[in-house]
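J.: Letter by letter, the chains look like this.
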Amino acid sequence: MQRVGVFICWCGTNISSTVNIEQVVAALENIPGVVYIKDYQYMCSEIGQNLVKDAIKEQNINRVVVASCSPRMHEATFRKAAAAAGLNPYLVEIANIREHCSWVHKDKEAATQKAISLTRAAVAKAILNEQLIPGEVGVEKRALVIGGGIAGIQTALDIAEAGYQVDLVEKTPSIGGKMAQLDKTFPTLDCSACILTPKMVDLALNSKINLYSYSEVTEVNGFVGNFEVTINQKARSIEMEKCTGCGICLAKCPAKKALSEFEEGLAKRAAIYTPFPQAVPNVPVIDRETCIKFVTGKCGLCAKLCPTGAIDYEQKDQIVNQKYGVIIVATGYDLINLDRFGEYQYLDHPDIITGLEFERLVNAAGPTGGKLVRPSDQKQPKKVVFIQCVGSRDKSERGKAYCSKICCMYTAKHAMLLRDKYPDCEAYVFYIDVRTAGKGFEEFQRRAVENYGVNYIKGMVGKIFPGDNQLQVNGVDALSGELLQLEADLVVLAAATQAKPEADEVARMLSISIDRDRFFTEAHPKLRPVETHCAGIYLAGACQGPKDIPETVAQASAAATKAIGVLSKNKLVNNPCVAKVEQAVCSGCLACIKICPYEAITEQVIEEKTRGKVRLRRVAEVNETLCQGCGGCTVACRPGAIDLKGFSNQQILAEVDAICR
Amino acid sequence: MEKIREEIKEIVRQALASKEVDLILAWEKGQLWYDSYPAFFTEEQGVDSLVWDQFCVNNLSKYLLDDGMAGQKVGILVKGCDTLAFNQLVQDNRIIRDNVVLYGLPCSGMIDPAKVRREGLDRGLIKIKKTGDQLIFVNKEQQIKVLPTQVYYDKCLTCHYPNPVIYDRLIGEKVANETLATHAGRFSAVEELEELSTKDRFAYWDQQFSKCIRCLACRNICPACSCEQCTFDDSELEILGKAKENSEDKFFHLIRAYHVAGRCVDCGECSRVCPQGIPLEKLNRKLIKDINELYGEYQAGLDPSIKGPLVTYQLEDTDTFTAGERGRKQK
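In order, the protein sequence lines correspond to chains A and B.
What the first sequence shows, in this note's numbering, is residues 3 to 663, in sequence order.
What the second sequence shows, in this note's numbering, is residues 76 to 406, in sequence order.
Among the hints, erroneous ones may be present.
Stated by the list, open to error - Residues from chain A that face chain B, not an exhaustive set, calculated with beta carbons under 10 Å:
(1) E605
(2) R619
(3) K647
(4) G648
(5) N651
(6) Q652
(7) D659
(8) I661
(9) R663
Claimed, not checked - To give an idea of the chain B side of the interface with chain A (calculated C-beta under 10 Å), a few residues:
(10) D167
(11) I171
(12) S346
(13) C349
(14) L390
To be verified - Which stretches of chain B does chain A cover? Using the computed rule of at least three CB atoms under 8 Å from a CB of chain A, they are:
(15) 100 to 113
(16) 264 to 278
Please keep in mind that the hints were generated in silico from the structure rather than gathered at the bench.
Keep in mind that this is a model prediction, so the values were computed, not measured.
Glycine residues also receive a C-beta, built at the ideal position from the N, C-alpha and C atoms.
Chain B extracted, bound-state conformation:
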């Protein structure tokens, strides 16, 4: 990764120097070991602080919507999951593809600081090295070998797109995709919920949603939540009041799930950023699973030229409303 980091820096410097782009979206190292946060680079000189490590989990593509990007040629570093999000934004007409230069970065997974802490690996941590299939956590006293599966984000363990699906320039070697089985198994948690009775399932979500503090982090990070003005911010409609009310929390999450249905790229960012640990990916994956079952396998963001199944109509579409006893799904 360090070798690639230097390569990235060189490319970014050149791109800025040659005015190929006006600015570049990348990551910068923060104060703490797990802190790799989004950064804008406009000057060649500033590029030294650019970082590419196993904490660069933030999807940067949504920053392309920022007003500040207007009329500029923007370069952006993107991982596999980020490119799905990028494509979705292109499909939703939120980004003009030609105004962006994509620097693709193959990614074998990002480390979840919470898991590192849970394993006690953060104590005295100096650095993390990657050798072959293993991660080595180096502290003052020793070097601890760890399997990536122990510390990677859950979403990375089921990731099916470790390599960018679209890029103008690829930096580094593509990585092997070893997650076929886990990717197929990403719906197992949804299946468990489907097995529950309606009452139990309601109780489950009731409990989960009651934790919501309506910080809206899930919405703000979501690449499918790209509206010019979010319906929840429309004070005239009064869909969401200011008060913390359980029923409104539920509606917030359910409406949001439906608003992103068919466009959710399953990047898992909503669950990652939720400070309350609400498993929002289960909600989104339920809808993805239903769409797959009803209209055939569909991966949002894979190809922006394909129209999503929920905004197109074909005569052969499964018609559960008439075919399946007044809307009940046929078993």
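Just chain A, with the same shape it has in the complex:
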């Protein structure tokens, strides 16, 4: 006979101000099976937990129902308390009468009735609870980092520092990401490459880190501790071991028509190329779409010139299969496409550029050697207009509702760099608001205004008219209401940041979620900011939302710490609430196999004796280590042959019955 003890928590006044506890107690007294009821102000406190423990021992109760907050908060607490008193922890059931009840209702009478229903349902389920024993599963002591920008680099370095193997997968030929493209970094104005490249070199030299550049993750299976990942190493057409990075091939390649991705299309690059001089690995890639050898079959100059014979035109993509304990997603961000912002003429005029292009134009290693000139005529501009919030804080369909967070600061930086290098060049900034929340940020922006004489205009630009020589910028000064017409030589647009277009695909592959803006969703916006809902997968950097470098690095290290936490364990405890097949009932339709997202169900042929003859029958079987207990299969199963331990069909129906009664 099941003896149920019910423990009702007031949660201070969180529950008790909306739910009449006395009434709940009274209503539960008559329920068969309930032998003990106790209410207390804070059931999660030590005193409260002792009430549960004592009741288990003294009242001889063998099922515990706690009516309190969400099981996400304190289920673990009460399970531990029960276990301490010698009761199997899975015999504890939580009725959520706070988040599901007191917090969302105002009418005390109705809320009380609902609390009674919820508790009654929990009692009905608890009576059917069975003892469950979790299994253990080993941990593959190797981490996968997806994305080789500053976030991925930092995460990989931190995990390797803790002594674990890390594989870093980067899609482009070199690690470095967006940060490698930047000139200076706010708010200290130190050179971006100077602080980034030492980390890149560290990574390259670290024996614990294995870099898969020019590679992509194509498939992810498994679960925390045991992810099975397929990586496609795209054909570089260069044998990495042989290449010394001498650069002869780059210099002599006759096909120099492709636009350099690294230079944001402001310069040309050869068909065989390394994105930038400090690239890691310093091994070129042949762009097969523009390489004359690949397009026409003639040429082959690089192969002739290569002193080590590293060029291999026949190279094929290589598939790598590897197991990992954890995965860190650090896939970064992009700038939005500006083709729907016709008023700024970005697509039509070379002297209207994005902030990222500006970075390249002022960078000493950039296409102009650091000399700021107009792309149209290579002349030095005398008046530069910066426009902020191009697509940011824009609720219309073409823009993004959120603030891109980095533009106020980098625009102040750009204007300051400009005024510093070319004091005779005027700088104007159109802005909606200037947002400088960050250590040293406000001071930095004020310096631009006060020390460098940057003209800040609160207002937006309505349209840019390209003239013969200059760009006529029509805007409004919102403070004076005055219409402004500025004749600019160069216009810099602070285009909004956005999630990578392939974020959907990555999310699907990893079974993690994305928000409405296609940034990956953290498990909890405040309390679990680097975890995803999928155990063992963590987020770092701007793939989770707009971020500047300090925040990205902080989050990357946080993600690394979480990952190390898993890697440091020899065994992970399995969730015992997994699916189980009643093979006698299973009809072998195997719909469950098709539905299972974890490939935890397999087909099995069993022999059955019937009327003296042997009948072969197909049935489903669940691999308990792979099963994550999502319950998808139980709904697909028509005869109800699959049940989820701890959430059986019978239990769910008992809950429904209890609520409807």
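Given chain A, work out where chain B should sit, using these hints.
T.: Frame of chain A; chain B shown alone:
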């Protein structure tokens, strides 16, 4: 048909004699003129009573699930609709294809005894002949010419698969498929119901389901209801009580419709066997129509190698839940 019947008998005799099969599922004539019931033939000698006439409506393929078939090579006579059911059972892993020999029989339609009675054609009936497009009902006094459409089962009038879609041996000539238009029109009754208000539609089904006596004939005849143990028979789950209760009758039929959704071959057997005349085909056809509209035309049982739309997922699938205002279908 008589000529073919003799051919069938000969083939069945040979198959049994040569041990090509251990037993054959076919039909046998009963006491009454409309009575052609399922029969097992294991001996050459017994084959004389085998019948193939216009009352062989029973789909035999579900008998393949019987425990008695274990470890045996079974021959079976199948019409077009029966082969769809057979394929569905293969797709559901309930039958091992190689253990079965299919003798395909083209079929131009089966006669509904109820319609014969309604027309008064059963009085003194001696036999029914088929000549060309017409049926001739012969009694003592006269010969009455009847159009097949007057007496065939409704389901045969919209049948799109008069010829077996799979067979090991075809007996007789394939018949022409003349039902394209009627097949497309099989959803007209569903469309009429869709036009009703939610309240009226509920009232309609409420009234229909209240007739149910829970004999479970619909389930037992259904080739998609092939589970090892039916969820309605699971006494622990208590989905279906013993008492006759309206709400449970409704749930029974709705759950059953969803359990066969995507696998219902539209053979119409459930409606045919219902002693209470509940139009169950409308329920199933509503789901078939929805599946067709959401995921493209799909005929369950046509090709067992194609995975059904409800157990597969494709990125291009219509996502009515997010695209259509929280699950409401987009108009």
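J.: Determine for every hint whether it applies to the structure shown.
T.: Hint check results:
no., hint, in the structure
1, E605, "8 Å, holds"
2, R619, "8 Å, holds"
3, K647, "16 Å, violated"
4, G648, "17 Å, violated"
5, N651, "6 Å, holds"
6, Q652, "6 Å, holds"
7, D659, "9 Å, holds"
8, I661, "16 Å, violated"
9, R663, "14 Å, violated"
10, D167, "5 Å, holds"
11, I171, "7 Å, holds"
12, S346, "21 Å, violated"
13, C349, "21 Å, violated"
14, L390, "8 Å, holds"
15, 100 to 113, "violated (count 0)"
16, 264 to 278, "violated (count 0)"
Of the hints listed earlier, those the structure fails to meet are numbers 3, 4, 8, 9, 12, 13, 15 and 16, in rising order.
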